[in-house]
Structures are given as C-alpha cells and as structure tokens.
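Letter by letter, the chains look like this.
2 protein chains.
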Amino acid sequence: MSLDAADFDTWMRQHQALAEQTLAKVLPALEHAPARLHEAMRYAVIGGGKRVRPLLAFAAAEVVEAPPERVALAGAAVELIHAYSLVHDDLPCMDDDTLRRGKPTVHVQYDEATALLVGDALQSLAFQLLAEHTLAEEPLRQLEMVRLLAQAAGSRGMAGGQAIDLASIGHTLDVTELEFMHIHKTGALIRCATLLGALCGNPLGEAERAHLDRFAKAIGLAFQVVDDLLDAEASTATLGKTAGKDAQANKPTYVTALGVRAARQWARELRAQADAALAPLGARGARLGQLADFIVKREF
Amino acid sequence: MSLDAADFDTWMRQHQALAEQTLAKVLPALEHAPARLHEAMRYAVIGGGKRVRPLLAFAAAEVVEAPPERVALAGAAVELIHAYSLVHDDLPCMDDDTLRRGKPTVHVQYDEATALLVGDALQSLAFQLLAEHTLAEEPLRQLEMVRLLAQAAGSRGMAGGQAIDLASIGHTLDVTELEFMHIHKTGALIRCATLLGALCGNPLGEAERAHLDRFAKAIGLAFQVVDDLLDAEASTATLGKTAGKDAQANKPTYVTALGVRAARQWARELRAQADAALAPLGARGARLGQLADFIVKREF
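Chains as they are written, first to last, in the working numbering: chain A, 1 to 300; chain B, 1 to 300.
To be clear, the hints were calculated from the coordinates, so they are not data collected in a lab.
Some hints could be false.
[What the hints assert, rightly or not] Some, not all, of what chain A presents toward chain B, calculated at C-beta under 8 Å: (1) P28; (2) H32; (3) A131; (4) E132; (5) P139; (6) A159.
[Stated by the list, open to error] If you anchor each label on the Cβ, the simulated ranges turn out as follows: (7) A:L30 / B:E206: 24 to 34 Å; (8) B:R268 / A:N202: 54 to 64 Å; (9) A:T172 / B:L140: 45 to 55 Å.
Here the structure is a predicted model, which means the values were calculated and not measured.
All residues carry an ideal CB built from backbone N, CA and C; glycine is no exception.
Full structure from sequences and hints, please.
Next comes the structure, spelled out in structure tokens:
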C-alpha cells in the first residue's frame with residue numbers, strides 16, 4: 001500500500017465513522033412515540049453500507065473548505081434518501097428481497113406497513129435535516145440544496161429511475177436506454193451528494209461547478225457499472241445481499257448489455273472521464289480522485 | 001343563504017380552482033419520462049377532494065396579505081404530501097382500499113409498485129415546490145416552511161400518526177390516546193397548511209403566530225372528529241370512498257370512543273376553541289373563521 005493509499009484509507013474510515021455518528025444522532029430517539037417506527041428507522045439506516053454518498057459529500061467539501069459538521073448533515077440527508085429507497089425497493093411489490101447488508105430486510109424484520117412508513121418518514125427526515133441546521137453561508141444556497149435533493153429523489157430522478165427499471169424487466173435495453181435508467185436511478189443521488197458537499201463551503205465559480213458536475217455524473221454511472229459487475233460476479237456472502245438477483249429477475253444490466261469484459265472497460269473509461277473533469281480543480285480535487293478510485297475499483 | 005355565506009362559497013370555489021390549477025401546473029408533464037409514473041401521479045392528485053389544506057393556506061394568507069401565487073404553491077406542497085399519504089394508505093399492506101374519491105385507488109388502477117413510487121415521488125415534489133420558487137420575503141422563512149412541512153409529514157407527524165393508527169387496530173383507545181394519534185395523523189398537516197400560508201406574507205408577531213397555531217391545532221382535531229362522524233354515518237356514495245371502513249377494520253374512532261352525540265359535541269367545542277384563538281386577529285381572521293365553519297359543519 002502506498003502512502004497515499006494509507007492516507008485515503010484513514011480518511012475514509014474516519015469519515016465513514018462521522019457519517020455513522022451523524023445518522024445515529026439525527027434519527028429520532030426511541031423514547032419518542034411511535035417507538036417501534038423509530039426503532040425500525042434505525043434498523044434500516046444504522047450499521048450498513050460503505051456510505052459512499054456521505055463520503056462524496058465530504059470529499060467535495062475539501063474543494064471548498066467546508067466545515068465537516070455541516071457536510072456531515074448534508075451527507076446524512078442524502079444517505080437517508082438512499083436508505084429509504086432501499087427499504088421500499090426491497091418490498092414484495094418491488095424487488096421482493098429478504099436480505100440486505102447481511103440482515104433481514106425491514107419488511108421481513110418488522111412488517112410491510114412498517115417498512116412503507118419507515119421509507120416515507122426517512123424521506124421527510126432528509127429534508128428536515130437540510131432545513132433545520134445552518135449548512136451554507138447563505139439561506140438561498142441552502143434552499144438550493146433542498147431543491148437539488150428533491151429533484152434527485154423525485155420522479156425525474158431516483159424514483160423515476162426505479163419506475164423505468166421496473167418497466168424494463170424482461171425487456172432488452174440497449175446501452176443508451178440502460179444509461180438513461182441509471183442516470184436517474186443511481187446517478188442522480190450520487191451527483192446530488194457531491195454538489196451538496198460543495199454547497200457547504202466557499203462559493204464555486206460557474207466553471208468549477210460545471211467540472212464538479214461532470215465528475216459527479218461520470219462517477220455516478222461508473223458506480224452502477226461496478227454494481228452490475230459485482231452483482232454478476234460476487235458471492236452472496238461478499239455482497240451481504242442476494243447475489244445474481246438481477247439475472248434471476250431478468251433485469252437488464254451493463255453485464256447483460258455489454259458482457260463482463262466490456263463492462264469493466266466502460267467502468268475504466270468513466271473513471272478517466274471523472275479524472276479529466278477533476279484536473280482543472282488541481283490539488284483541491286485530490287480527495288475526490290481517491291474516492292473515485294475506491295468506487296471504481298472496490299472488490300476488483 | 002346569508003350574504004356572508006354566499007361570499008364564502010364564491011371564495012371557496014375560486015380558491016379550490018386555483019389550488020387545482022396549481023397542482024396541474026406543478027405536476028411533471030406526461031412528455032417527460034417516465035410517462036406512466038407521471039400519468040399515475042396526476043391520477044392520484046388531480047380532480048378530487050375539497051382541497052381543505054390549500055384552502056387553509058389561502059385563508060391564513062389573508063391574515064398577512066400574502067400574494068396568492070405564492071400561497072398557491074405552498075398550499076400545493078401540503079396537498080401533495082396529503083395526496084401521497086392517501087396513495088400509500090390505500091395500499092394492500094395498509095388499509096387495502098379499492099375506492100378513493102369515487103375512483104379506483106392508484107394501486108388498483110395501475111399496480112402496487114407504481115402506487116409506491118407515486119407516493120414517494122409526490123413527497124419529493126412537495127419539497128421541490130417549497131425550494132424552487134420564491135415563497136417568502138426572506139429565504140430563511142422559506143427554509144422554515146421546509147422544516148415545518150418535513151416535521152409535519154415525518155415520523156413525529158403524519159407518518160408517525162399512521163404508525164400509531166396501525167398499532168391501534170383491535171385495541172381500545174381512550175380519548176387521550178385517540179387525540180395523540182390524530183394530532184399526528186391529520187392535525188400536523190392541517191396545522192402546517194395554516195402556518196405555511198401565514199409565512200408567505202408580512203411577518204407575524206410571536207403572539208399572533210401563537211394564536212394562529214392554537215386555531216390550527218383545534219381545527220385539525222375538529223376535522224378528524226368530523227371525519228369519524230362522516231365515516232360512521234355517511235353512505236359510500238356521499239363519501240366517494242368505502243364508508244363504515246373504520247368500524248369494519250375495528251379501528252378506534254371518536255365515534256367508538258365517545259358515541260355519535262358526544263363526538264358531535266366535541267367537534268362543536270373544538271370549533272369554539274378555534275374561534276377563541278382567532279378573536280385577537282380581528283377582521284384579518286374572518287376567512288379562517290368561515291373556513292372553520294365549513295370544515296366542522298360539512299355534510300351536517
């Protein structure tokens with residue numbers, strides 16, 4: 001391991017811990033009614049996942065020297081949206097999955113109605129976080145955060161991507177259609193995490209923001225290509241969720257559309273695009289570059 | 001009909017139409033993908049309901065001379081949260097209802113997965129509305145709107161009330177427990193609609209805001225008591241949804257807890273509390289008073 005890699009590893013573990021602590025702090029306490037719902041919300045959110053979205057927010061915050069406590073809350077808001085989407089995606093009427101991050105899914109551990117409400121309440125909590133703390137120099141920029149998160153989560157973002165995904169089951173999608181789906185389903189929230197992190201600090205110029213946006217879009221797609229590769233190749237044990245699920249469900253993926261070799265090549269190309277977008281940011285973009293490497297290379 | 005009543009009737013129809021137009025305008029157009037999701041979102045929202053929450057926002061706006069176009073958007077945001085909650089409440093894992101506002105419920109007309117995503121996307125859209133238009137004199141007050149709506153919708157508001165409602169099925173609740181449930185399930189959003197309308201205009205003093213808040217809390221509860229009375233007494237045709245559903249589901253209501261006569265009395269008492277809270281606002285609170293009369297007396 002190079003020195004850089006060791007440094008990144010420390011940074012990642014520290015910021016994953018900060019993300020985890022922040023989530024634990026902002027979730028409603030069990031002493032508040034309804035206790036069972038609040039318990040189930042914690043079950044859905046705490047102790048799982050690599051926290052890629054909060055990490056992106058923290059890394060983007062290094063571009064603008066943003067205070068970590070603000071970024072932690074902005075990142076937590078994005079992560080709550082992500083967590084809610086997993087709870088709803090796992091429901092019987094969607095992917096009907098029983099295992100998530102090595103644990104029974106929320107509707108298995110509790111019940112379907114509770115899982116539905118957990119997702120609904122986590123979404124509300126995400127927007128609450130963006131509104132009840134000071135997260136940016138100007139309230140207008142904080143409203144911009146709310147708008148970005150709402151768009152990324154909504155029918156022309158993540159929820160829309162889910163709808164396209166459902167409609168695509170059993171159909172053959174070409175790479176363009178697949179990309180359209182993933183830009184919405186996964187990409188929108190990844191992009192949002194990066195932009196929110198950057199809104200917590202010093203204002204970026206228009207050109208710099210465009211670079212960051214291009215980076216976030218490339219890495220959002222790369223993330224999905226890698227996810228498809230992992231799903232096709234990894235074992236259930238490594239993944240902590242049911243592996244090979246996409247193929248079983250006859251879902252189109254980058255692996256079914258391109259084959260493993262070309263999908264890996266595509267992930268590397270997107271990584272190169274992300275690199276190119278970061279270059280004009282110089283040293284301030286170094287952490288984002290390390291994180292992009294981690295995202296594209298994880299498990300390979 | 002007195003002149004006042006005729007005036008209120010005209011006001012109500014005008015503002016219901018404005019609420020309806022606003023909802024139609026802010027819902028994503030069908031030419032945007034995913035078209036089926038956007039069609040289902042419209043199906044869920046347009047052409048139904050008395051739009052009580054937007055009406056409350058419009059009436060509260062008269063206290064502070066707020067521009068109607070702002071209030072229309074704030075009211076639409078609250079109505080979108082209400083509409084999403086109905087879609088999710090009707091799902092088989094919740095109330096399993098097939099009829100809503102005289103039409104098949106969303107999961108019957110489309111499918112369960114679509115209904116789930118419709119609700120999820122409507123919630124996101126509500127927060128988007130509060131962030132992408134100028135709705136208050138100060139961005140900070142607009143962030144306050146986001147916070148109020150998120151709290152009203154979340155686990156310590158409407159979603160929490162749903163969870164308490166589900167847990168209460170088959171149990172006997174006393175009036176205090178029933179009230180706790182309804183303050184969350186229905187009252188939180190009614191209160192929020194009123195406060196959001198008032199945040200669109202001239203700033204209120206702390207005392208005035210407290211009066212408005214007391215009014216909104218009383219009327220929120222009265223609304224639920226009346227709803228329980230309607231469910232117990234009205235026919236399915238009048239109601240546009242399956243009547244007698246609460247009794248069938250063995251759900252505790254004000255009618256089961258108090259009986260019809262005492263429930264009616266309780267509705268009148270809450271109306272008197274609302275009146276008392278409005279008194280210090282003088283003529284500026286007149287529209288809210290008329291609306292409160294409409295809410296408590298509807299169908300009686």
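Now the hints, each set against the structure:
1. P28: Nearest chain B Cβ about 5 Å off; hint holds.
2. H32: Where the cut-off is 8 Å and the nearest Cβ of chain B is about 6 Å from A:H32, the hint holds.
3. A131: 4 Å, holds
4. E132: 5 Å, holds
5. P139: 4 Å, holds
6. A159: 4 Å, holds
7. A:L30 / B:E206: 24 to 34 Å: Holds - the Cβ-Cβ distance for A:L30 and B:E206, about 33 Å, lies within 24 to 34 Å.
8. B:R268 / A:N202: 54 to 64 Å: 58 Å, holds
9. A:T172 / B:L140: 45 to 55 Å: 51 Å, holds
The earlier numbered hints are all upheld by this structure, with none contradicted.
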